[in-house]
Amino acid sequence: MDNKTDLVEVLSKLIPLGKVTMGNQYPEIIVDPDKLHETALALKNLKNTPFDFLIDVTAVDFVTHFLLVFHFESTNTHEVIVLKTQLEDHDSPFVDSVSDLWPTAEFQEREIFDLFGIRFNNHPDLRRLFMEDDYGYPLRKDFKDEINIIEYPN
Amino acid sequence: MSEEIIKNIMVGEHEDYLINMGPQHPSTHGVLRLEVSLNGEDVKKVTPHIGYIHRSIEKMCEKDTYKQIIHLTDRMDYLSAHMNNEAVSLLVENALQIEVPERVKYIRAILDELSRIASHHLWWSAFGMDLGALTTFFYGLRDREKILAIFEESFGSRLLHSFITPGGLMHDVHSNFRKDTLEFIKYFRKKLPEYKSLLTDNIIFHQRTKGVGIMDKKTSIAYGVTGPSGRGSGFSCDVRKIAPYGVYDQIEFNEILKNDGDVFSRYLVRMEEMEESMNILEQLIDKMPDGNEYTAKMKAIVKLPEGEYYQRVETARGELGVYVVSTGAKHPYRVRFRTPNFSNLFVLNTLAKGGKIADLVAISGSLDLVIPDIDR
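So the sequence lines, in the order shown, correspond to chains A and B. The first sequence lines up with residues 1 to 154 when you count with our numbering. The second sequence lines up with residues 1001 to 1376 when you count with our numbering.
Worth flagging that the hints you see were computed from the coordinates, not collected in a lab. Note that beta-carbon positions come from the ideal geometry of N, C-alpha and C, so glycine has one too. A portion of the hints provided could be inaccurate.
[What the hints assert, rightly or not] Here are the computed distance ranges between Cβ atoms for each label pair:
{"hint": "1", "chain 1": "B", "residue 1": "LEU1134", "chain 2": "A", "residue 2": "ASP91", "range": "51 to 59 Å"}
{"hint": "2", "chain 1": "A", "residue 1": "ASP134", "chain 2": "B", "residue 2": "GLY1156", "range": "23 to 31 Å"}
{"hint": "3", "chain 1": "A", "residue 1": "ASN121", "chain 2": "B", "residue 2": "GLY1291", "range": "52 to 60 Å"}
{"hint": "4", "chain 1": "A", "residue 1": "LYS35", "chain 2": "B", "residue 2": "LYS1330", "range": "49 to 57 Å"}
Let the hints inform the model, and build the full structure from the sequences given.
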């Protein structure tokens, strides 16, 4: 646990762009969407613990806004941190892509675009991944599947 | 016609020979379509098209209780069903701070390692077959049958077990479980040299795999290629080592790393992992406590406290991550599965580009893809 509090301190000094807190598992950084790319680049180039392995990118629909969640691991020390950003525009959300820093993000961002309809600026190939082009965005909470009439009881 | 397309035609961009490999191609082992752009026999570009077996598991999870989710995770990477179950179970247990009995932890680890061996068996069988050595298929499946028999005796199912649940196990294992596992280790220790002489030392096999599809460590980290495929490039990514769960911190084992990064070194990693798994199994069987405890006390309906949770588990193909957002209800608000095969698939273009079309089968085989795990 000491190690992790140290990491929070180090990160707060190095990353002045966002708020660094200790989550229930990993240190968390919350940044504004327009500072996302900058912060990701800074994390990737950290000196002793470069967070160079992007484990996962995902999004959560909170009805009023979207939350974009990145999990990074440092291949040096195997520490994990979480980077979050909040997208306030629920109707047409967009954010800068990090696929130029991590090629794996290209496909995970395509999946997020497919399932949530979040657009990524500067993405090299933003197409639907699973669904057809005119299908809705199924992981949004307001999505209604009109073809499949089976409804789960709550 | 836009100016760009006309320009592309002028310089011959569109004169590529396009072929579709799949979605019913035998060497993709599932419904994966690879759009291969060819110049003669040289591969210029590989574009994977996925989604043929997309079942919206993440969406379905939002309407399921935590105990029901277990049954969906089986259907992602069906060859690592135990590990997938364990990932969700560990997440729930860690969130509720439930301590499962020591015996359960050992049984879980034994099941993990057995399914790792079984999964590598099937990969070895199919990989040999992809490269034209049909015999491996019969040898591999013959030995895999022994593990499936152990599974069948204990849980009645051979592939989709849904055996590990939050809090422990569905029920106790069969009384022959320990004896059968030991017998299998004894049996398979004799068979592994057979595999070596059949395929590993085969000169034709060497020529098909050595120096083919080279992935360096940087590429494997950048693309998030984990599991044996990543370790074949020297990327130390074994979750059992770097973020131990269960009893893996009490077991002595080596993380198999190879540095060549070609198809052959990925092959060697898996072959040595089978041996390492047997070493782990022997320790586990040795240390496994007696008794008949198989679950901790759990409420009938599990509710996680509000918050976010993440759990990493090493499956036979790499790192599985489960991310859950809970609002305190009996259903999760959002579930995300970071599946290993999804990341492993998209490195294919980088590896196959510039090589021959015949090598594409070897490369995609060496990545050991399970398609339902990609689509979810």
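Hints and how they fare:
no., hint, result
1, B/LEU1134 / A/ASP91: 51 to 59 Å, "56 Å, holds"
2, A/ASP134 / B/GLY1156: 23 to 31 Å, "44 Å, violated"
3, A/ASN121 / B/GLY1291: 52 to 60 Å, "58 Å, holds"
4, A/LYS35 / B/LYS1330: 49 to 57 Å, "37 Å, violated"
In terms of the numbered hints stated before, the structure departs from hints 2, 4, listed from lowest to highest.
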